[in-house]
Amino acid sequence: MKCISKRKKAAALLGVFVIGLTGCTSKEVVLENAYDVCDTSAKYGITENGASQSAEFFARDLVVTEDENLGLEKTTERVAEAAGVFLTSKKEAVYKKNIFEKLYPASTTKILTAYVALKNGNLDDVVTVSANAANQASDSSVCELKEGDKITLRDLLYGLMLRSGNDAAVAIAEHISGSSEEFVVLMNAEAKALGATGSHFVTPNGLHDEEHYSTVYDMYLFMNAAVKNETFLEIIKSSRYTANYTDAAGNPVTKEWDSTNKYLMGTEPMPEGVTVIGGKTGTTGEAKYCLVQYNENTAKEPVISIVLKADSRDNMYLLMSEMLKNFAN
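Counting along the sequence shown from 1, when you hit position 7 you're at 7 in the working numbering, and nothing is skipped either side.
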């Protein structure tokens, strides 16, 4: 990413929804061999049919909001570059700081990786870990997978989301698409289909690349879509998971992975009036400290909360707790 813009007008976001504002039956402009957006969208499952559609169809279950900060005076907002709280059932953004700013998402990327894998894979598939997948930087977060390990996609997803395994991310990508490069094509296509206009992905694990970026709003879109999958919810709810698989020689291997979320591990007190269901942390030198989280308020309503580029892990949790205490109910 050569330039990370500070602000992005909501109009750019709403451009995603513009396909039906006037309807595809409009006859004001006639082009020979024209590309019919509505018919084609229906063909590929983006809309229900090829009839006249409105932007309301695409966004009917989404929070659609403007590019303006909101509620910052009630938090220690200076500790992070961007943040947001979204009441999904009410379709409201109740706290906003730079929610359309393009930033590095680090391992919060893995929310989209898991979403794509669950859409395209079979949980009981047995994946053979390649040398490429196993060969991750020693100082990065890994599940300690070895070349030739045979492990189910289900177990890999737990390793991806709890342990934040970069090796698990590559193994998943290679299993689904044959390579990380091809899997990223799927990721970017899914991002666009979900309405994410401020994101571009280069890796399945979120390791730093200048052209790998997202926004608070887009991360809301990814989490909002992912939690509709029951398996995804079960995974992120877990504080600990035991994986049983075999190595290249057929010997049994048992690994226990703990969540990187301090709320789930009990090392950070739950925000007042909120139950943290689960989420995904992310940390790199460039991205700083990131957290995308799914919660319930006192009325059992879903709340998605996001902090990107906090200046420390402690301050990331400080801001997250302040946001949820003040804006989730």
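Some hints here could point you the wrong way.
What the hints assert, rightly or not - Restraint-style ranges between C-beta atoms, simulated for each label pair: (1) Leu233 to Lys192: 39 to 45 Å; (2) Glu66 to Gly285: 46 to 52 Å; (3) Thr246 to Pro269: 35 to 41 Å; (4) Lys325 to Ala131: 45 to 51 Å; (5) Arg313 to Asp124: 31 to 37 Å; (6) Asp124 to Gly285: 21 to 27 Å; (7) Thr275 to Arg78: 34 to 40 Å; (8) Arg60 to Thr231: 39 to 45 Å; (9) Pro269 to Glu66: 47 to 53 Å; (10) Lys90 to Thr246: 43 to 49 Å; (11) Asn251 to Ala131: 14 to 20 Å; (12) Thr298 to Pro252: 43 to 49 Å.
None of these hints come from the bench; they were simulated from the model.
Quick reminder that beta carbons are idealized off the backbone N, C-alpha and C, glycines included.
Verification of the supplied hints:
Between Leu233 and Lys192 the beta carbons are some 24 Å apart, a value that contradicts the proposed interval 39 to 45 Å. The hinted range of 46 to 52 Å is not satisfied by Glu66 and Gly285, whose Cβ atoms lie roughly 32 Å apart. The given range of 35 to 41 Å is respected by Thr246 and Pro269, whose C-beta atoms sit roughly 40 Å from each other. One distance hint, 45 to 51 Å for the beta-carbon pair Lys325 and Ala131, holds here, with the actual separation near 47 Å.
Restraint check, Arg313 to Asp124: a C-beta distance of roughly 36 Å satisfies the suggested window 31 to 37 Å. Taking the beta carbon of each, Asp124 and Gly285 are about 38 Å apart, not inside 21 to 27 Å as hinted. Look at Thr275 against Arg78: about 27 Å separates their beta carbons, and that is not inside 34 to 40 Å. Under the hint 39 to 45 Å, the C-beta atoms of Arg60 and Thr231, about 25 Å apart, miss the expected range.
For the pair Pro269 and Glu66, the beta carbons lie near 33 Å from each other, so the given range of 47 to 53 Å is not met. Between Lys90 and Thr246 the Cβ separation comes to about 48 Å, which falls inside the hinted range of 43 to 49 Å. In this structure the supplied range 14 to 20 Å holds for Asn251 paired with Ala131, their Cβ-Cβ distance being about 18 Å. Here the CB-CB span from Thr298 to Pro252 is close to 45 Å, well matched to the stated 43 to 49 Å.
When each numbered hint is compared with the structure, violations occur for hints 1, 2, 6, 7, 8, 9.
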